[in-house]
Each structure stands twice: as C-alpha cells, then as structure tokens.
Amino acid sequence: MEKKLNKDNQFEINESQAGCASCPVHNAANLKKLGVDMENWDFVVALAGNPNTGKSTVFNAMTGLHQHTGNWPGKTVTRAEGGFEYGENRYKLVDLPGTYSLLATSLDEEIARDFILFGQPDVTVVVVDATRLERNLNLVLQVLEITHRVVICLNLIDEAERHNITVDHRRLARDLGVPVVPTIARYDEGFEELLAAISEVAAGETQAAPYHVNYNHPKLDQAVSQLVTQIKEAFPQVPNARWVALRLLDGDERIIQAVENGELGDLTYTVADLDSPGVDTVAQKSGIRQ
Amino acid sequence: MIDPLIALLSGIGVILFAGLLFWPQSGIFWRLQKRRELTEKVLIEDTLKYIFKCERNQKSATVESLAGMLSTSMGRATEILTITQSRGLLEMTGNKFMLTETGRKTATQIVRAHRLWERYLADATGFKEADWHQRAERLEHKLSLEEVDRLSASLGHPTHDPHGDPIPTPRGELVSHGGMPLSDLPVHSTARIVHIEDEPDVIYAQIIAEDLHPNMVVELDEVSSDRILFWVNDQEHVLAPIVAANISVVPLVEKNQVETLPGVPLDSLRPGEKGRVTAISSLSKGVERRRLFDLGIIPGTEIGVEMSNPGGDPTAYRIRGSLIALRSSQARLIKVDPIKES
Amino acid sequence: MISSYEKILKTAQDLRWEIGGDFHEKIMESLYTDASQIADRATTHPGEEPRFDLDRMIDRLVTSRIWGFPLMLLLLTGVFWLTITGANYPSGLIFTLLIEIIHPLLKGVSASIGIPWWIDGVLLDGAYLATAWVVSVMLPPMAIFFPLFTLLEDFGYLPRVAFNLDHIFRRAGAHGKQSLSMTMGFGCNAAGVISTRIIDSPRERLIAIITNNFALCNGRWPTQILIATIFIGTLVPSHLAGLISAVAVVSIALLGVLLTFVVSWALSRTVLKGEVSTFNLELPPYRPPRILRTLYTSVIDRTLVVLWRAVVFALPAGIVLWISSNLLINGVSIAEYLINFLNPFGLLLGLNGVILVAYIVAIPANEIVIPTILMLTVLVSGMTGMGEGSGVMFELESGMMTLDLLRMGGWTLLTAVNLMLFSLVHNPCSTTIYTIYKETGSVKWTTVASLMPVFMGFVITFFTAQIWRLFTG
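From first to last, the protein sequence lines stand for chains Z, B and G.
Sequential numbering of the first sequence, starting at 1, is according to our numbering.
Sequential numbering of the second sequence, starting at 1, is according to our numbering.
Sequential numbering of the third sequence, starting at 1, is according to our numbering.
Hints in this document: simulated from the structure, not taken from any laboratory.
If a hint is listed, it holds; no wrong ones were tucked in.
One-sided and incomplete, this derived list gives chain Z residues near chain G with beta-carbon spacing under 7 angstroms: (1) D168; (2) Y215; (3) H217; (4) A223.
Cβ pair distances, simulated, as ranges: (5) E222(B) - I66(G): 48 to 58 angstroms; (6) W117(G) - V14(B): 41 to 51 angstroms; (7) F69(G) - H188(B): 49 to 59 angstroms; (8) G27(B) - F69(G): 35 to 45 angstroms.
Here are the simulated DSS-like cross-link-like pairs (lysine-lysine), alpha carbons at most 30 angstroms apart as the crow flies: (9) K142(B) - K273(G); (10) K219(Z) - K285(B); (11) K232(Z) - K10(G); (12) K285(B) - K10(G); (13) K128(B) - K273(G); (14) K274(B) - K26(G); (15) K285(B) - K273(G); (16) K105(B) - K10(G); (17) K10(G) - K53(B); (18) K142(B) - K444(G); (19) K34(B) - K444(G); (20) K26(G) - K285(B); (21) K219(Z) - K10(G).
Fair warning: this is a prediction, and the values are worked out from it, not measured in the lab.
Every residue gets a Cβ at the ideal spot worked out from N, C-alpha and C, and that includes glycine.
Work out the full structure, taking the sequences as your base and the hints as a guide.
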C-alpha cells in the first residue's frame with residue numbers, strides 16, 4: 001500500500017504531509033470538514049464520476065456530511081453541496097449526479113455537463129473505478145474535452161488488487177496529462193494526496209497537457225475544423241472550441257443557445273489553457289473573486 | 001338500505017357505461033373527440049399534403065382518390081377542393097390540380113411538422129412504431145410554426161424522420177431520398193432501404209411486421225407478378241408487389257460498400273460464451289440506443305454471457321468489466337460475432 | 001447582415017447534412033477506442049483473476065434456478081421477522097413512555113397551572129397525542145427495517161433480487177427494480193417512493209411510484225392484524241384463531257401484490273404508454289458493507305427524514321381531529337355532522353360514516369386510524385364510561401373489549417372485511433403524497449397516484465358489500 005500511495009512525481013508536495021497520509025486510519029491532517037458550511041469559499045470543486053465508483057463516499061469523507069449512497073447508478077439525483085478547508089483555502093464541493101457520459105442525453109448528464117461547463121468550477125475531480133478503467137475513462141475523456149482543470153481520483157484500488165489488477169497511475173497521468181491520485185475512499189486512504197492535487201490545480205500550479213480524443217473520421221474532422229475557425233473568430237477566449245463544435249454538430253440545444261445569446265463568450269477563464277500560461281489568469285480570477 | 005341486487009346491477013351498469021365511454025381508443029368519448037378535431041382546417045391541410053405527395057411521386061390526384069384518402073364523400077371532397085382553391089392554395093385546370101407556390105409552402109410546413117413529430121415520438125417517448133403515424137397525423141395540424149421550430153431545436157434539429165424521410169428545412173427545402181420502389185428493382189441486385197412509406201396503415205403494418213427498416217440491405221432473389229422474394233441479414237422475406245412498392249431503395253453497386261448487420265443476435269449466445277459486437281440494429285433507437293453506447297456496447301466490444309435469470313430473461317453480460325443485465329428484447333438487437341474459446 | 005453567432009449556427013446546420021446521422025455513434029466509438037487504449041497501457045493483469053470467482057460463485061448461487069428464489073424468500077422473511085419481533089419491545093416501551101406516562105403527566109401540569117381546557121385539548125390531546133402515536137408505532141420498525149435493507153443493498157444483493165424478479169415484473173410492463181421499491185413499501189410507502197429513484201426508466205419509475213401504495217405499509221399492518229384477530233379469528237375454534245387471522249392478513253398483503261401487478265400492467269398500456277421505457281440493470285461487484293457507517297447513514301438519511309415528514313403531517317391532523325370533535329354547532333360536533341352525512345354512503349360500501357371520517361382525518365398517517373375510529377364510535381353512539389373523552393384517541397386493553405365496542409357501533413363481519421380491504425386500497429397517506437409530488441414534480445401524476453387507489457377502494461368495497469349481502473341477506 002505504501003508504495004501505491006506515494007506521490008506522483010509530477011505533483012510534488014512536502015514530505016511530512018505525504019508521510020502522514022500513508023497511515024491508513026487517519027486522513028488528511030490539514031483537512032477541516034465544514035459540512036454544509038460553504039460561506040466565503042475560495043474555490044469551487046466539482047465531483048464527477050460514473051455511478052457506483054464511490055463518488056459519494058469521497059464527498060462524505062471530505063465534507064463530513066452523510067449523504068446516503070446505494071450500490072446503484074443514478075442515486076444522486078440532485079446536486080449535493082458541502083464545504084471543506086484545506087491549507088489556507090476554503091472550498092465548496094459540489095457532488096454531481098453519477099453519469100456514464102456527458103453527452104446530455106438524460107437529465108443527470110445535462111446537470112453534470114452544465115455545471116462543469118457553465119458553473120466554471122476551479123477544479124473538476126473525476127472519481128474513477130480502478131477495476132473498470134476503460135468504461136470510466138470514457139467519461140474522463142469527455143470531461144477533458146470541456147476543461148483542463150481536472151484531477152483524477154483513481155478509487156477502489158483495493159478492489160482492483162483483490163481482482164489482481166494493477167493500475168499504473170503514473171502512466172495514466174502521463175497519458176491523460178492531468179494529475180491522477182490513487183485512493184481507497186471507503187477507508188479514507190489517499191485523501192492527503194488528493195487534496196494536495198486539488199489545491200495545486202485550483203491555484204493554477206499544475207500545468208495540464210490534457211489528452212484529446214482522435215475522431216478518425218475525415219468528413220467529421222473537416223467539419224469540425226471549419227466550425228472551430230468560426231468559433232474562435234466569434235469567441236476568441238473560448239478554450240474548448242473543438243468541443244463546442246462537436247456539440248453544435250450533434251445539435252445540442254443548450255450549446256446552440258449559448259452560442260445564440262453569446263453566453264459562450266463569458267466562459268473565459270474555464271481552463272488553464274495549453275497555449276497561454278494560464279497561471280496568471282487563474283490567479284487574477286481568484287483574486288477578483290475574493 | 002338499497003336492495004343489494006339493484007345496487008349490484010346498477011354498479012355493474014355504471015362500470016360498463018364508463019368502459020363504453022372511455023375504453024382506450026375505441027371509447028365513444030375518444031371517437032367524438034376525434035371527430036371534433038376533423039375540422040375544415042384539417043381537411044384542407046390534408047388535401048394540400050396529399051396533392052403535394054402526389055406531385056412529388058408524379059402520380060395524378062383525382063377527386064375520387066382524395067375522397068378516399070380523407071374518407072369522406074365525393075361531394076365533400078369537391079367542396080374542400082373549392083375552398084382550397086378560393087384561398088389561392090390550389091389551381092385547377094380541367095381535371096388536374098396544381099399547388100400554387102403558397103400552397104406548396106404550406107404543405108411543406110405540414111410535412112415538416114409531421115416528420116418532426118414522428119422523430120419526437122421515436123426518440124423521446126415510448127410509443128410503439130405503429131402508433132407514430134396516427135399520432136403525428138393529429139398533431140401536425142395543431143402545432144404553430146414557432147412550436148415546430150422549438151420542437152426541432154429540442155430534438156437537436158434532426159435531418160430525417162424515423163422512416164428515413166428527410167425533414168424539410170424551416171425555409172421549406174426538401175431533400176429527396178432519391179430511392180426507387182423495391183418492386184422496380186431488377187432481380188438479383190442489392191440495394192439499401194432509404195425510406196418506408198407509412199401510408200396506408202394496412203401496408204405499413206405489414207412492413208413493420210417483417211421487421212424492415214431504413215438502412216437495411218436487401219438482396220432481391222425473385223420477382224413475379226404476385227410476389228417479391230428478398231433477403232435481409234440472412235432472413236428471407238416475401239412481400240406482395242403492392243407492399244414492396246412502398247419500400248424505397250437505392251441500388252448498391254458493390255455490396256460491401258454499405259454496412260450490413262453481420263453476426264448473430266447476442267441473445268442467441270449461451271452462458272459462458274463470448275462474442276464481439278459487430279453492429280447494433282437500427283431498431284434500437286432514442287434513449288435506449290444511447291444508453292447502450294454509454295454502457296460501452298459499440299462495435300468491437302467484447303461481451304461475455306455470464307448468467308441467466310431463473311426465468312431465462314434477462315441475462316447478465318460481462319461488458320468492459322461490468323456485469324450488466326439486458327432483456328432479450330434488447331440483446332436481440334445487438335449483433336455479435338461469436339468468439340471461439342481456444 | 002447576420003451576426004457571427006448566427007453564421008456559426010448556420011454552418012453547423014449545413015454541415016450536419018453532410019456528416020450523416022451516425023455522428024453520435026462515431027463519437028462514442030472514438031471515445032471508447034481511445035479509452036481502451038489508454039486503459040490497456042496503464043493496466044496489468046498478472047495471472048488469472050483468482051478471487052474473482054468468489055463473486056461469480058455467489059452470483060451463480062443467488063440466481064440459480066433451484067436456490068435463487070428460496071434464498072431470496074429466506075432473506076426477505078428474515079428481514080421482516082427481525083423487524084416485527086425486534087420492534088415489538090421498543091414500540092411498547094415508547095408507547096408506554098409517551099402516551100401512558102408523559103401524556104397524563106403533561107395533562108396534570110397543565111391543569112395545575114390553569115391552562116384553559118381548549119388550549120390543553122388542542123395541544124396535548126390533539127397535537128401531542130397524534131404525534132406520539134405515530135412516533136411509537138412508526139419509529140422502531142423503521143429503525144430496524146431500513147438499516148437491514150440498506151446493508152443488503154450495500155453488499156450488492158438487492159440488484160440480484162431485481163435481476164431474479166425482472167421476468168415477472170416485465171410481464172406487467174414494469175421494471176425488476178420495482179420489486180425493491182415494493183419491498184421497501186412494506187416498510188413505508190414514502191420511503192418506497194423515494195427508493196424508486198433507482199429505476200432510471202421514466203415509464204417504469206412512474207409505475208413503481210403510483211403502485212407503491214399497494215404494498216401494505218408498516219402503519220397499516222397493526223390495523224389489519226387487530227381487525228383480523230377480533231372479527232375473523234373469533235369465527236373459528238380458538239386453537240385455529242391465530243392461524244386463520246394470520247392467513248387473512250397475509251391474503252390482504254398478497255392481494256396488494258396482485259393489485260400492484262394488475263395496475264402496473266394497465267398503466268403501462270394506457271396512460272403511461274407514451275413515457276420512455278428503457279431497461280438496464282447493473283449488477284455491481286459484492287462489497288463487504290461497512291456496517292457502522294451504513295447504520296449511521298441509513299438512520300440519518302432514511303429513517304429520520306421519513307419520520308420527520310410523518311410528524312409534520314400528524315401534528316396538524318391531531319389538532320383537526322380534536323377540534324372537529326369538540327367544536328359544537330347546535331350542540332353537535334362537526335365530526336358528528338360529517339359522520340351522519342357520510343353514513344349512508346359508508347353503509348352502501350359496507351363500511352360506515354365513522355370509518356370514512358377516520359380515513360379523512362387520518363390521511364396524514366395510517367397509524368392513527370384505529371384509535372380515531374374508537375374515539376369517534378364512542379362519540380357518535382354516546383356511550384358513557386368508554387374512552388378518554390371527545391377528541392382524545394385511545395386504544396383498549398383487550399381485543400374483546402374492542403370487539404364489543406365496535407359491535408355496539410353497528411359493526412358486522414362485512415364491515416371488518418371491508419375495512420381490511422379499504423385499508424389496503426385507499427389513498428396514500430399525506431407523507432407519501434407529498435413525497436410523490438417531490439419525486440415526480442408533477443401535479444398530474446400526484447393526483448393520479450392519490451385518487452386512483454381511493455376510487456378503486458370504493459369500487460372494491462362496493463362490490464364486496466353487494467355480493468356479500470346478496471348471499472347472506
């Protein structure tokens with residue numbers, strides 16, 4: 001366990017914290033659970049994930065709330081919110097409905113998608129089931145299309161071990177281009193690292209190089225690039241023009257609306273973009289909001 | 001105290017009466033409502049639509065055929081034609097009708113409303129295929145232009161209705177599906193179904209019963225004056241020419257140009273067997289279809305049959321690491337290539 | 001001149017015609033192709049999965065043709081047995097404490113400090129008593145039933161129950177998961193309605209919500225047991241009495257299950273025909289439940305929430321009950337007016353005015369139906385030396401005394417049978433109605449779910465009464 005829970009090289013944090021987190025019983029020392037107290041938050045963190053990955057367990061562990069979760073998909077129908085304090089910052093944690101996808105074909109998916117896009121969370125944590133990586137990555141890749149400020153919580157690694165599956169989280173982090181933190185949420189393990197990764201992404205200290213899906217479809221690629229050019233002209237700041245183009249081609253009503261009324265132009269700071277340093281804009285934004 | 005026999009009989013009477021009034025579809029109340037809806041406006045719009053279709057199919061509309069379509073008398077049909085003409089929607093030269101520019105535009109809007117509504121019924125409701133057309137027939141007259149636009153937006157501006165017909169654009173442009181009747185196809189040729197005519201109901205019901213749908217590939221084997229024999233996905237179908245004429249197809253030069261649905265239905269595998277998904281039938285649509293994709297069932301996915309319910313249905317499948325139960329009605333629509341265990 | 005925004009949308013619309021309809025599928029395929037490549041690179045499976053077989057073994061066992069159903073029945077019977085026997089003692093304790101000790105104590109205090117009789121009546125005899133009654137009957141079984149149920153759920157067994165029962169529910173046009181919301185309904189219909197969230201297909205979820213009321217809930221079991229014991233049990237020799245009355249109660253519960261299927265079938269083919277229907281049921285891996293955490297969250301999340309809603313509704317009901325039996329117009333209380341008004345209709349249904357009024361007052365909670373009926377019967381018949389005074393609910397020490405009281409109120413065997421039927425088939429309690437509204441967000445479906453059963457109840461009792469009278473009378 002010790003070896004697994006060590007920090008990923010990419011995201012250095014100080015040694016004493018890392019040491020403490022590996023003791024299995026106790027969770028993050030710097031974490032203060034604030035329950036429903038969400039006053040004066042500095043950052044908003046969204047919690048996304050497939051159903052049945054222990055997403056709500058992560059939520060409860062971080063906020064000290066007791067949202068009941070069953071072994072079911074679609075259990076969290078409404079958005080639950082809670083607060084926690086870590087380091088010097090206060091965070092508002094928003095638990096999104098568990099979904100398999102973000103293509104907005106059901107109400108759950110629409111809620112989750114709209115929050116990640118229009119709610120402009122500072123960090124989106126995607127809880128991933130280590131035993132069903134393939135299916136879970138489908139959602140991760142979709143989230144990465146919308147925002148780069150992502151931390152992957154690779155949960156249920158104990159169960160994966162039981163099934164003799166080893167997930168190389170460093171390799172995963174390198175491929176996805178965002179921090180990946182292995183956890184065992186049921187036994188409060190790995191939270192110190194998760195919190196550290198969240199705070200780094202929130203503060204804009206982590207440089208993301210997110211993976212982009214290859215659509216391998218000549219006609220489609222052509223259509224997308226044609227639209228992307230137009231979108232970039234009309235909304236120069238929009239960081240996820242390719243995703244917007246894809247949604248427009250799929251006839252996504254909410255996105256069409258956002259283009260129609262120019263709302264899309266307001267989504268300026270969503271991500272620490274690849275091209276721009278990002279760090280500054282994020283810092284400015286958090287400065288403005290406080 | 002009321003005599004129990006009298007009470008009992010009157011109770012039964014009340015229930016029978018209520019049943020007579022409100023029995024789904026055939027109840028008197030519903031029939032009356034349907035008749036009330038059949039106003040002059042509806043008749044005129046149906047007339048326009050009918051002549052529009054005849055024009056597109058290069059058939060000539062007659063008063064007789066119109067009366068038959070509207071199921072009214074010849075006199076009433078003539079009356080409706082006269083009104084339609086007086087509103088400048090129609091021109092009559094001798095025995096032939098011609099739509100005016102306005103008439104054609106109105107007709108396209110009705111067709112648009114009809115096809116969008118069918119798309120809606122297919123994608124966003126649980127109504128059966130056979131119900132779509134009748135429901136759309138009623139609603140096409142009730143939707144305003146704005147409502148139709150909103151409907152189109154909420155559906156993601158679809159381009160085709162579930163029968164494969166193109167939906168006219170808001171400006172009234174209509175792209176043709178460019179097919180020919182299956183009955184006109186030369187023997188031993190291969191073609192793809194692009195459209196299935198949903199009128200009249202009797203013929204449409206026969207086509208639905210044969211499980212034929214747009215995008216399926218047809219191989220024609222025998223054509224005679226009383227029957228047409230063809231193969232779809234290794235299944236033999238025999239239709240009367242008049243029925244086959246309602247299926248439009250586009251001939252294919254090479255068969256492998258277009259996707260066929262190879263493989264066996266997933267529900268034919270036994271527990272312990274495995275298969276690789278080759279296709280998902282177009283019969284699975286709307287929410288249902290997207291849910292299958294979400295679960296990771298796409299061409300190329302390996303599916304193992306884990307166990308059956310004690311009653312035999314549903315069956316649990318191992319799909320990308322998860323155990324997921326599907327009913328056989330769903331599994332039937334997923335085609336797989338069985339994997340031989342070495 | 002069109003804006004650049006419109007231009008984008010126009011381009012998108014035109015491009016859509018070129019790309020074709022399988023766009024969504026192409027995207028999904030690309031996503032999964034890439035996801036599986038990334039997952040493959042990061043995952044290693046050294047050796048064959050050894051402990052995987054444990055899951056598989058359990059699955060084979062719990063879904064097997066031979067063992068599947070017996071195991072399921074055994075487990076569910078066990079849960080119910082634990083609930084009923086386990087709740088008996090704490091229920092009695094709370095009842096004694098809240099009603100037999102604290103209530104007189106409060107009455108004494110209020111008398112000694114000279115609070116006006118009507119304030120004392122409204123607050124203590126009305127509001128307090130009704131609430132205390134509901135809490136004592138409702139809390140213990142729920143505090144046992146819900147955690148047990150949640151443990152089975154967290155372990156991963158319940159999805160297998162849904163899997164096993166799906167083929168039965170499918171024939172009724174419903175979803176296998178409805179077996180779980182129905183089972184939950186045997187504990188509490190409001191909780192049963194909440195638990196339909198696990199059904200992700202809109203049509204089947206509405207069916208499960210509307211029919212949940214036919215699962216005989218915890219608040220109605222005591223009524224069934226009491227009436228069956230004193231009216232039906234006494235028909236047979238005493239050594240058979242227990243068995244026969246148990247058979248009567250179980251038959252009513254099974255009738256409820258039958259109605260669930262019949263109504264589900266009818267709904268799925270008529271009013272709910274157009275709702276979207278999909279099926280998929282994920283069978284999650286078995287996970288050892290974390291018992292303490294589960295107990296804690298299920299008590300907080302299910303039991304207390306439902307109890308709180310029940311209290312909120314029972315409190316005003318107590319007040320209404322007290323006022324209606326104490327507010328006199330021309331020397332006759334409102335309750336009596338209402339009873340006399342409804343009596344002919346009640347008799348036609350093989351019930352009586354008292355029962356109908358009790359069911360109107362007791363919409364908030366089925367638990368208070370019997371005490372309300374007893375109180376109103378005394379009130380109407382003008383018996384002296386019985387009960388605790390107008391507007392004060394009570395229960396009698398022995399079944400025989402209850403039987404005598406009800407017989408004096410004009411009850412026959414038919415009244416008893418019809419009360420049992422009506423208790424099963426009538427409108428859901430207001431807690432459940434409110435929950436249905438919260439879950440569906442629709443006035444239409446809430447109305448259907450509330451009025452359809454009460455209407456069905458009228459029809460069923462009416463025909464039972466007429467046929468009964470025809471053959472006995």
